[in-house]
Amino acid sequence: MTDTAVSSFGIATMTPEHVPPFAQRMREAADLVWEQGYRQPFIRELGEGTLKRERFAFYLLQDFRYLTEYVKVHALAATKTDDPEIMAFMAQVQSNIFAVESSVHRAYMASYGISEQEMLDVRQSAFARAYTSNILSIAYAKPLVDILVAVLPCAWVYADYGQRLAREFADTLDANPYKSWVDMYKTDEFWQGSVWLIDHIERLVADLSEERKRELIDIFVTGVENEYMFWASAYDMHYSWKPEWDR
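Heads up: the sequence shown begins at 1 in UniProt numbering, then just goes up one per residue.
Incorrect hints may have been included.
[Claimed, not checked] Result set (DSSO-like, lysine-lysine): computed pairs, CA atoms no more than 27 Å apart in a straight line:
{"#": "1", "residue 1": "80", "residue 2": "242"}
{"#": "2", "residue 1": "213", "residue 2": "52"}
{"#": "3", "residue 1": "80", "residue 2": "142"}
{"#": "4", "residue 1": "142", "residue 2": "52"}
{"#": "5", "residue 1": "72", "residue 2": "142"}
{"#": "6", "residue 1": "213", "residue 2": "72"}
{"#": "7", "residue 1": "179", "residue 2": "52"}
[To be verified] Computed beta-carbon distance windows for the label pairs:
{"#": "8", "residue 1": "39", "residue 2": "184", "range": "17 to 25 Å"}
{"#": "9", "residue 1": "179", "residue 2": "13", "range": "24 to 32 Å"}
{"#": "10", "residue 1": "211", "residue 2": "120", "range": "26 to 34 Å"}
{"#": "11", "residue 1": "240", "residue 2": "140", "range": "38 to 46 Å"}
{"#": "12", "residue 1": "53", "residue 2": "84", "range": "27 to 35 Å"}
{"#": "13", "residue 1": "180", "residue 2": "118", "range": "15 to 23 Å"}
By construction, these hints were calculated from the structure, which means they are not laboratory data. From the three backbone atoms N, C-alpha and C, an ideal C-beta is built for every residue, glycine too.
Start from the sequences and build out the full structure, keeping to the hints where you can.
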């Protein structure tokens, strides 16, 4: 695919369900775990507003730890390019994490009586560590396109689930204690981060071999699988593979 072909797709009309060809290949490869992720108990109960507070608190604490590593991945991505626009995007993502997403975590945690120090001291679960270790290793060792693919699942899955939850539970969302979570991720503003990633990935893969494209698809699917496990482990409140291993 050429740059002209990418441009003709029209990023202004891109939606989570309507993306250019390589993004569609990635999405189709991850479809089984993607859809099972939307149907798993954590997401269903979050949309219904019935998710237990302690499960959501476990998720928030792990997500807070995740975001501190996610910031580093974007910082490393900026070192893999001399393109000012790409560097500016990476800096903006880091700023958004500190200014927006982290503030939501802090507000929720404060309402649960969890202190700032407890947030900083929380132990990272084995599942969260597997996720962050994977994307950090890619950020250190791989080219820019691999990093963009590695961070795309987080952005795209959240945007898709946020929009779908907002539509599915529109009649009850106002009374949902997790409304602010859905409100954050359902917005077009949040989706535009995925649009930027997808558009740039599409351009960067244009001249790559089929073997390299398959490698990138595998990175993407692994990321979606890690998203699934992140929520599943939060629902079970597990720090490790078996509860009896938790310490």
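Hints, verified against the model:
1. As the CA atoms of residue 80 and residue 242 are separated by approximately 38 Å, the hinted pair breaks the 27 Å bound.
2. As the CA atoms of residue 213 and residue 52 are separated by approximately 41 Å, the hinted pair breaks the 27 Å bound.
3. Taking the CA atoms of residue 80 and residue 142, the gap is near 9 Å; set against the 27 Å cutoff, the hint holds.
4. Under the criterion of a C-alpha separation no larger than 27 Å, the hint pairing residue 142 with residue 52 is inconsistent with the structure, at around 39 Å.
5. For a cut-off of 27 Å, the pair hint linking residue 72 to residue 142 stands: about 14 Å separates their Cα positions.
6. As the CA atoms of residue 213 and residue 72 are separated by approximately 25 Å, the hinted pair is consistent with the 27 Å bound.
7. Between residue 179 and residue 52, the direct Cα distance comes to roughly 14 Å. Compliance with the 27 Å bound is thereby established for this hinted pair.
8. Distance hint check for residue 39 and residue 184: the Cβ-Cβ separation is about 21 Å, which falls inside the suggested range of 17 to 25 Å.
9. A C-beta distance of roughly 28 Å is found between residue 179 and residue 13, which places it inside the suggested range of 24 to 32 Å.
10. At about 43 Å, the beta-carbon gap between residue 211 and residue 120 misses the expected band of 26 to 34 Å.
11. Residue 240 and residue 140 have their C-beta atoms about 25 Å apart, which leaves the hinted 38 to 46 Å range violated.
12. Residue 53 and residue 84 have their C-beta atoms about 44 Å apart, which leaves the hinted 27 to 35 Å range violated.
13. The hint said 15 to 23 Å for the Cβ distance between residue 180 and residue 118, and at roughly 21 Å that hint holds.
Hint compliance for this structure: hints 1, 2, 4, 10, 11 and 12 are broken, all remaining hints hold.
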